[in-house]
Amino acid sequence: MKYFKSLWMAGALALAAQGAYADEGMYLLNELNKKNLEQMKALGFTLPYDSLYSTTSPSVSDAVVIFGGGCTGIAVSDQGLIFTNHHCGYGAIQSKSSVEHDYLKDGFVSQSMEQEIPIEGLEVRFLKNT
1 MKYFKSLWMA GALALAAQGA YADEGMYLLN ELNKKNLEQM KALGFTLPYD
51 SLYSTTSPSV SDAVVIFGGG CTGIAVSDQG LIFTNHHCGY GAIQSKSSVE
101 HDYLKDGFVS QSMEQEIPIE GLEVRFLKNT
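Heads up, the final residue of the sequence shown is numbered 130 in the numbering used here, and it's a clean run with no missing numbers.
Rather than coming from a laboratory, the hints here were simulated on the basis of the structure. Here the structure is a predicted model, which is why all the values come from computation and not from measurement. Incorrect hints may appear among the rest.
Pairs of lysine to aspartate or glutamate, DMTMM-like flavour, derived with a Cα cap of 25 Å [as the list claims (entries may be wrong)]:
hint	residue 1	residue 2
1	K34	D50
2	K96	D106
3	K105	E116
4	K105	E120
5	K96	E123
6	K41	E31
Starting from the given sequences, assemble the full structure and let the hints guide the process.
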């Protein structure tokens, strides 16, 4: 009886998974091809290809960074503001949190560069040589 129940469950899961569709949307900028670009435009992307990747003019690829030795991020300002994934900055945020200032729970927004909280030892490197 257990065998049939397991077999039925496996069959139900297989049927349910048929409708699943994964479109990760992660592309190496220098390997974008016409098909990728057409898919991106169908999803609302409006920039020309050269604004993403160019070896001769400024592009988004110039702003990609290695964050903390193992994550990627992107520089979005000339002042050094970087976006990365939550798990990439978690340790740095945790190191500056305290009982009085729980930045993991409450977040942090500075109103000026002077209010920024430096993270000693955090290294950010640009991927592309210019």
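Handout entry: Restraint check for K105 with E116, where alpha carbons must lie at most 25 Å apart
Key = 18 Å, holds
Practice task
Mind checking the alpha carbons of K96 and D106 for me, to see if they're no more than 25 Å apart?
Solution key: It holds: about 13 Å lies between the C-alpha atoms, which stays within 25 Å.
Exercise for the section: Decide if the proposed pair is consistent with the structure: K41 and E31, CA atoms, cutoff 25 Å inclusive. Expected result: 16 Å, holds
Exercise for the section: For the pair supplied as a hint, K105 and E120, confirm whether the alpha-carbon distance does not exceed 25 Å. Expected result: Between K105 and E120 the Cα gap is close to 21 Å, so the pair holds against 25 Å.
Practice task
Please work out if K34 and D50 have their alpha carbons no farther apart than 25 Å.
Solution key: 13 Å, holds
Problem - Hint consistency between K96 and E123 [alpha-carbon to alpha-carbon, up to 25 Å] - result: 16 Å, holds
The structure fails none of the hints (numbered hints given earlier).
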